[in-house]
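**Student:** The residues making up each chain are set out below.
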Amino acid sequence: MNETIRELLGKVGGLPVPVAELADDADLYAVGLSSFASVQLMLGLEEAFDIEFPDSLLNRKSFASIAAIEQTLTHILKSKEAA
Amino acid sequence: MSLAALATDMSLGARAHRVAAVAAQFADAVDREARFPQEAVSAMKTERLLGLQIPSRLGGEGATTRELAEVCSILGQACAAAAMVFAMHQIKVSSLVEHGAESAWHVDFMRELGARQLLVASATTEGGIGGNLRNSICAIDVDGETCRLTKDSTVISYGAHADAIMITSRAHEKAAPSDQVMTVFRQGQYSLEKTATWDTLGMRGTCSDGFLFKGEAPSVQIFPKPFAEIAAQSMLANSHLLWSGVWFGIAADAVSRAQAFVRAAARKSGGTTPPGTLRLAEATSLLQLLKSNILCGLKTYEDAKADPDQLSSMAFSIAMNNIKLASSETILTIINQAMIVCGIMGYKNGTPYSLGRHLRDAHSAQLMISNDRILSNTSTMLLVQKPDTSLVG
Chain W
1 MNETIRELLG
11 KVGGLPVPVA
21 ELADDADLYA
31 VGLSSFASVQ
41 LMLGLEEAFD
51 IEFPDSLLNR
61 KSFASIAAIE
71 QTLTHILKSK
81 EAA
Chain A
1 MSLAALATDM
11 SLGARAHRVA
21 AVAAQFADAV
31 DREARFPQEA
41 VSAMKTERLL
51 GLQIPSRLGG
61 EGATTRELAE
71 VCSILGQACA
81 AAAMVFAMHQ
91 IKVSSLVEHG
101 AESAWHVDFM
111 RELGARQLLV
121 ASATTEGGIG
131 GNLRNSICAI
141 DVDGETCRLT
151 KDSTVISYGA
161 HADAIMITSR
171 AHEKAAPSDQ
181 VMTVFRQGQY
191 SLEKTATWDT
201 LGMRGTCSDG
211 FLFKGEAPSV
221 QIFPKPFAEI
231 AAQSMLANSH
241 LLWSGVWFGI
251 AADAVSRAQA
261 FVRAAARKSG
271 GTTPPGTLRL
281 AEATSLLQLL
291 KSNILCGLKT
301 YEDAKADPDQ
311 LSSMAFSIAM
321 NNIKLASSET
331 ILTIINQAMI
341 VCGIMGYKNG
351 TPYSLGRHLR
361 DAHSAQLMIS
371 NDRILSNTST
381 MLLVQKPDTS
391 LVG
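Quick mapping for you: the protein sequence lines, in order, are chains W and A. Heads up: the first sequence runs through residues 1 to 83, numbered per the UniProt record's numbering. Heads up: the second sequence runs through residues 1 to 393, numbered per the UniProt record's numbering.
The shape of chain W in the complex, shown without the other chains (with noise of 0.2 Å):
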């Protein structure tokens, strides 16, 4: 998972600096990541993970490192798990 996080990121993100130099927890609109660029990071997962954003996720705090993107990508696959 954190893979293809960091694999869409580097592919949709625009950030100046490589994905790769990253830490999990580096604030990624500190680093440059634009709501746009959020926005086709979020379409990616949707994508990759066969999911959809609830609205309550739809927040910046759900996006702000890819520790969170994962915390939150765990949660929705859990709770369609429960399903």
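Source of the hints: derived by calculation from the structure; they are not laboratory data. For each residue, glycine too, the CB sits at the ideal point set by N, CA and C. Among the hints, erroneous ones may be present.
Quick look at which bits of chain A chain W covers, simulated, 3 or more residues with Cβ under 8 Å [claimed, not checked]:
no. : segment
1   : 19-32
2   : 264-278
3   : 312-321
DSS-like, lysine-lysine: derived pairs with alpha carbons at most 27 Å apart [unchecked claim]:
no. : chain 1 : residue 1 : chain 2 : residue 2
4   : A       : Lys291    : A       : Lys386
5   : A       : Lys386    : W       : Lys80
6   : A       : Lys174    : W       : Lys61
7   : W       : Lys11     : A       : Lys174
8   : W       : Lys11     : A       : Lys386
9   : W       : Lys78     : W       : Lys61
10  : W       : Lys61     : A       : Lys386
11  : W       : Lys61     : A       : Lys291
Starting from the known structure of chain W, arrange chain A on it as the hints suggest.
**Tutor:** Chain A in isolation, oriented as in the chain W frame:
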């Protein structure tokens, strides 16, 4: 209420109406001469409106956004420029109240702002970035306990008349354009070199000249939170709601003038209604729609206010964006209707039914943060966010 009773009524509404009376008296001169509405702002200070929002424990009145929007509307019915100065000041104060409570310097500044009725201006736009306030080119230089900043500010509304300026920049020299902070600089800590003159179609009294800003201040005056959070959690909602309050005021006054025109005409002609009467009815329907739009926005903000996650959610941003779009577009239609009702008497300056200033002022609404930019942001978010289809909830 008698005049004597109004003079001593200390309710917020009465205080705002007293300021509005002063603002109305000078509105045409402020507009014609493109000058700062000094009399109205002095009246705001006398009625202690500048510190309204400061919490009571710091000597203010803890006014809500709803109460502030009502003041904006009352002032907007008298002088849109004075009302907009009030609104822009309160938007800055909302950032202090929401994001400065944990910083000793900002707490002290709030106390002083209330006590001395200081006027705060905003410097978010910059040459080279257009109107995208979420990006900066300039960077603040933090050197231990001192910070320095130079910014090519293309617009600082009433900058030359403010007691302090809240200004955005990148957080440090190597920061990305979106990694921003906001800093309060007090008069005496900065110099302003005028680079552009505000000679515009409307909102002329906001004196939104361009300046080269150069400041040096203690580093504790930098807000301890990233500007991204401040923008999302206090500025977005307060800007769109308080601006809308001002715009509602402009439109409401236009409708009042149209109604006065129709009444006068009907009385003169022994009860026969002039042809514009239907338009008046239409305009009041739109005014009611505008009111519902703003009230709905106020409720959405009040419901979300306690939860930072909700305030920074896409759903909330879209809701606030939509309030702004609807308000800024509707007022033009309303004022145009009122103009058709009043005819040449509305088109002409210096009649009791003049609407030229209203129409010119109202044209700024769709440009201050361009509606096209807002639509573009919303349409991006709608790639993932579902539209709000609930009626009541």
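**Student:** Hint by hint, which ones does the structure fall short of?
**Tutor:** Per hint list: 1, 2 and 11 violated.
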